[in-house]
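Q: Please take these sequences and the hints and turn them into a complete structure.
Next come the chains, spelled out residue by residue.
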Amino acid sequence: MSLKITNSVEDKVAVLKIAGEVDMFSSPQARNAIMELVKQRVPRVVVELSGVSYMDSSGVATLIEGLQLCQKYNGTLVVAGLRDNVREVFELTRLDKIFQIYKDVDTAKVNE
Amino acid sequence: MFVKRIVGTGLGSQQCVNQIGYEDMPTTECEYQLRIPSETDNLELIRDFVSKVAEKVGFKSDDVGKIELACDEACTNVMKHAYASGQKNGKESLDILIQIDYDKFTLVVTDHGRGFDPDAIKLPDMKEYLAQLKVGGLGIYLMKTLMDEVDYQMQPGVRNQVKMVKYFIDKKNSKLIESEKENK
Numbered sequence: 001m002s003l004k005i006t007n008s009v010e011d012k013v014a015v016l017k018i019a020g021e022v023d024m025f026s027s028p029q030a031r032n033a034i035m036e037l038v039k040q041r042v043p044r045v046v047v048e049l050s051g052v053s054y055m056d057s058s059g060v061a062t063l064i065e066g067l068q069l070c071q072k073y074n075g076t077l078v079v080a081g082l083r084d085n086v087r088e089v090f091e092l093t094r095l096d097k098i099f100q101i102y103k104d105v106d107t108a109k110v111n112e
Numbered sequence: 113m114f115v116k117r118i119v120g121t122g123l124g125s126q127q128c129v130n131q132i133g134y135e136d137m138p139t140t141e142c143e144y145q146l147r148i149p150s151e152t153d154n155l156e157l158i159r160d161f162v163s164k165v166a167e168k169v170g171f172k173s174d175d176v177g178k179i180e181l182a183c184d185e186a187c188t189n190v191m192k193h194a195y196a197s198g199q200k201n202g203k204e205s206l207d208i209l210i211q212i213d214y215d216k217f218t219l220v221v222t223d224h225g226r227g228f229d230p231d232a233i234k235l236p237d238m239k240e241y242l243a244q245l246k247v248g249g250l251g252i253y254l255m256k257t258l259m260d261e262v263d264y265q266m267q268p269g270v271r272n273q274v275k276m277v278k279y280f281i282d283k284k285n286s287k288l289i290e291s292e293k294e295n296k
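These protein sequence lines map, in sequence, to chains H and W. Residue numbering for the first sequence follows the working numbering, beginning at 1 and increasing consecutively. Residue numbering for the second sequence follows the working numbering, beginning at 113 and increasing consecutively.
These are calculated hints, taken from the structure and not from any lab test. Even for Gly, the Cβ is constructed at its ideal location relative to N, Cα and C. The reader is advised that the hints may include incorrect statements.
As the list claims (entries may be wrong) - Label pairs and their calculated CB-CB ranges:
id : chain 1 : residue 1 : chain 2 : residue 2 : range
1  : H       : 74        : W       : 168       : 47 to 53 Å
2  : W       : 246       : H       : 74        : 19 to 25 Å
3  : H       : 43        : W       : 282       : 40 to 46 Å
4  : W       : 244       : H       : 43        : 19 to 25 Å
5  : W       : 231       : H       : 11        : 48 to 54 Å
6  : H       : 36        : W       : 260       : 40 to 46 Å
7  : W       : 270       : H       : 6         : 42 to 48 Å
8  : H       : 106       : W       : 269       : 51 to 57 Å
What the hints assert, rightly or not - Straight-line C-alpha distance at most 20 Å; calculated DMTMM-like pairs for lysine to aspartate or glutamate:
id : chain 1 : residue 1 : chain 2 : residue 2
9  : H       : 97        : W       : 240
10 : W       : 216       : W       : 282
11 : W       : 256       : H       : 91
Unchecked claim - If you only want the chain H side, here are some residues facing chain W, beta carbon under 8 Å, derived:
id : residue
12 : 1
13 : 23
14 : 57
15 : 60
16 : 85
A: Here's what the structure looks like:
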């Protein structure tokens with residue numbers, strides 16, 4: 001099933017809200033949305049994942065690629081609102097050591 | 113689309129159905145089978161099937177999630193590698209067989225694609241992986257981390273299978289508890 005994705009950019013911070021199940025079928029949609037923000041060289045991208053009920057390694061790979069691309073122009077990509085099962089995927093792959101993870105968007109915005 | 117078949121009636125039954133040819137298949141109490149086109153938009157349906165069976169046989173939600181993710185990664189590998197792109201052409205299918213035994217849940221994913229040499233695939237060194245921020249290649253690592261056993265049988269172009277096992281009793285924790293008892 002397709003993802004629901006919305007984004008807003010304000011004060012150099014983009015909030016990308018993703019909802020649905022992120023797998024090999026749907027992750028290209030998330031990738032395209034991140035790439036749009038990367039093209040605009042938005043300094044801080046907050047990916048809000050509270051609506052994501054499932055994520056596999058293709059979703060994780062999409063976020064890693066986004067982080068890499070942001071870092072190339074000295075930007076950053078952080079994640080917020082992870083559900084327990086999605087957080088577990090981050091922990092299993094030790095990506096919790098790489099990504100800045102926030103409990104929600106407001107916290108992610110404040111901790112610039 | 114999927115089949116449930118009661119194979120044995122109790123513990124120790126020697127009756128075994130081996131429909132899609134996995135060798136040395138253990139005695140099986142019950143099995144569920146799904147044959148589905150190898151298309152990425154079917155991944156959600158595959159996950160639903162696997163997670164509902166795992167729930168039904170009594171796994172807690174944490175383990176259901178692990179089985180679901182391991183199966184997704186195995187099927188994604190088939191769609192990406194064995195059958196190239198996972199694009200719709202209606203010709204390629206994969207089989208998912210779940211066998212329930214008194215002590216374990218066995219998941220067998222079968223395809224008839226190109227296969228690969230599982231020994232040639234090194235598990236990522238996660239330290240190096242993270243240092244270089246590599247993209248992709250985590251599927252087999254996750255499968256091996258999430259399940260108790262993962263085993264491949266490859267016959268490229270004929271039949272490739274990955275068999276994954278989850279025990280109903282967490283063997284890793286049981287061993288820990290046993291060694292703690294021995295130390296006391």
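Q: The structure should be examined with respect to each hint, and the outcome stated for every one.
A: Against the structure, the hints:
1. H:74 to W:168: 47 to 53 Å: holds, 51 Å
2. W:246 to H:74: 19 to 25 Å: For residue 246 (chain W) and residue 74 (chain H) the Cβ distance comes to about 21 Å; the hint holds.
3. H:43 to W:282: 40 to 46 Å: The hint (40 to 46 Å, Cβ to Cβ) holds, given that residue 43 (chain H) and residue 282 (chain W) are roughly 45 Å apart.
4. W:244 to H:43: 19 to 25 Å: At 24 Å between Cβs, range holds.
5. W:231 to H:11: 48 to 54 Å: holds, 52 Å
6. H:36 to W:260: 40 to 46 Å: Since residue 36 (chain H) and residue 260 (chain W) have Cβ atoms about 42 Å apart, the given range 40 to 46 Å holds.
7. W:270 to H:6: 42 to 48 Å: Given about 47 Å between the Cβ atoms, the range holds.
8. H:106 to W:269: 51 to 57 Å: Since the Cβ atoms of residue 106 (chain H) and residue 269 (chain W) sit about 54 Å apart, the hinted range of 51 to 57 Å holds.
9. H:97 to W:240: holds, 13 Å
10. W:216 to W:282: holds, 10 Å
11. W:256 to H:91: Given pair residue 256 (chain W), residue 91 (chain H) holds - Cα atoms ~15 Å apart, limit 20 Å.
12. 1: Cβ of residue 1 (chain H) sits 6 Å from chain W, so the hint holds.
13. 23: holds, 5 Å
14. 57: holds, 4 Å
15. 60: Residue 60 (chain H) check passes; min Cβ-Cβ to chain W is 6 Å, inside 8 Å.
16. 85: Holds, because the Cβ-Cβ distance from residue 85 (chain H) to chain W comes to roughly 5 Å (cut-off 8 Å).
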